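Residue-level listing of the chains:
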Amino acid sequence: SQQGEEDPQALSIQEGENATMNCSYKTSINNLQWYRQNSGRGLVHLILIRSNEREKHSGRLRVTLDTSKKSSSLLITASRAADTASYFCASILNSGYSTLTFGKGTMLLVSP
Amino acid sequence: GAGVSQSPSNKVTEKGKDVELRCDPISGHTALYWYRQSLGQGLEFLIYFQGNSAPDKSGLPSDRFSAERTGGSVSTLTIQRTQQEDSAVYLCASSQDSGGTDTQYFGPGTRLTVL
Numbered sequence: 006s007q008q009g010e011e012d013p014q015a016l017s018i019q020e021g022e023n024a025t026m027n028c029s030y031k032t033s034i035n036n037l038q039w040y041r042q043n044s045g046r047g048l049v050h051l052i053l054i055r056s057n058e059r060e061k062h063s064g065r066l067r068v069t070l071d072t073s074k075k076s077s078s079l080l081i082t083a084s085r086a087a088d089t090a091s092y093f094c095a096s097i098l099n100s101g102y103s104t105l106t107f108g109k110g111t112m113l114l115v116s117p
Numbered sequence: 011g012a013g014v015s016q017s018p019s020n021k022v023t024e025k026g027k028d029v030e031l032r033c034d035p036i037s038g039h040t041a042l043y044w045y046r047q048s049l050g051q052g053l054e055f056l057i058y059f060q061g062n063s064a065p066d067k068s069g070l071p072s073d074r075f076s077a078e079r080t081g082g083s084v085s086t087l088t089i090q091r092t093q094q095e096d097s098a099v100y101l102c103a104s105s106q107d108s109g110g111t112d113t114q115y116f117g118p119g120t121r122l123t124v125l
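Line by line, the protein sequences give chains A and B. Using my numbering, you'd call the opening residue of the first sequence number 6 and step up by one each time. Using my numbering, you'd call the opening residue of the second sequence number 11 and step up by one each time.
If you're looking for bench data, these hints aren't it; they were derived computationally from the structure. Please read all numbers here as calculations on a predicted model, not as lab measurements. Careful: at least some of the hints might be erroneous.
Claimed, not checked - Taking lysine to aspartate or glutamate pairs in the DMTMM-like style, the calculated list, with each CA pair at most 20 Å apart, reads:
#	chain 1	residue 1	chain 2	residue 2
1	B	K67	B	E78
2	A	K31	B	E54
3	A	K61	B	E95
4	A	K109	B	E54
5	A	K75	A	E20
6	B	K25	B	E95
7	B	K67	B	D34
8	A	K109	B	E95
9	A	K61	A	E20
10	B	K27	B	D73
11	A	K31	A	D12
12	A	K75	A	E22
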């Protein structure tokens, strides 16, 4: 079963606008991570937020985590055409397993 | 230092043939993971190696899939008697340890096409 579900499935914005992607999950997590994937190949780790954290920043990225709602959001500010990619949330479950469980991703298109 | 590398980058094979996919993790990383990504889908966990422990094979979809990790470094994922539904991008990742808090670094993947 899918642990993470990203929302929206696709997002199209103009350069300079902010992009917000959401992720919901089902079971208790140890941490939640966001990855970016270009052209359906390798994933690049963006940011990790632990279950006891509520917000984290990295450059133009801002991630929030609400464990009571089992949800996370990724905000990309002042988007650029180069941000065009698929974004996935992934979680490490509290069940003791170290494998990441991924959602299906949000496809972001940033137009110049 | 070098990242995770995978070979081949693309593999086209005929249904029924066996294929081997290779992963070279980042030097010193004790944990190694294989995932599969079908078109337009998220990643599906296949198998996980941690040090000298027995691998977690819980994600392997059938007994046609197997993986080895020799010397705690290079890993090979083998798919026997390939089927068309095996067509996907196979991604390998490594991390420093299995504490569940370490970032996983992904290779570029092998795109497998079964005709």
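Going down the list of hints, with the structure as the test:
Simply put, B/K67 and B/E78 have alpha-carbon atoms about 11 Å apart, close enough for the 20 Å limit, and the pair holds. Simply put, A/K31 and B/E54 have alpha-carbon atoms about 16 Å apart, close enough for the 20 Å limit, and the pair holds. With a C-alpha separation of about 39 Å, the suggested pairing of A/K61 with B/E95 is violated against the 20 Å cut-off. Proposed proximity of A/K109 and B/E54 is supported: the alpha carbons are some 10 Å apart, at most 20 Å.
Simply put, A/K75 and A/E20 have alpha-carbon atoms about 30 Å apart, too far for the 20 Å limit, and the pair is violated. Restraint check: the Cα-Cα separation between B/K25 and B/E95 comes to about 10 Å, which is no more than 20 Å; the hinted pair holds. The hinted pair formed by B/K67 and B/D34 meets the criterion: a straight-line CA distance of about 19 Å does not exceed 20 Å. The straight-line distance between the Cα atoms of A/K109 and B/E95 is roughly 18 Å, inside the 20 Å bound, and the hint therefore holds.
As the CA atoms of A/K61 and A/E20 are separated by approximately 23 Å, the hinted pair breaks the 20 Å bound. With a C-alpha separation of about 15 Å, the suggested pairing of B/K27 with B/D73 holds against the 20 Å cut-off. Distance check on the hinted pair: A/K31 and A/D12 sit about 14 Å apart at the alpha-carbon level, within 20 Å; holds. Distance check on the hinted pair: A/K75 and A/E22 sit about 27 Å apart at the alpha-carbon level, beyond 20 Å; violated.
Checked against the numbered hints above, the structure breaks hints 3, 5, 9, 12 and satisfies the rest.
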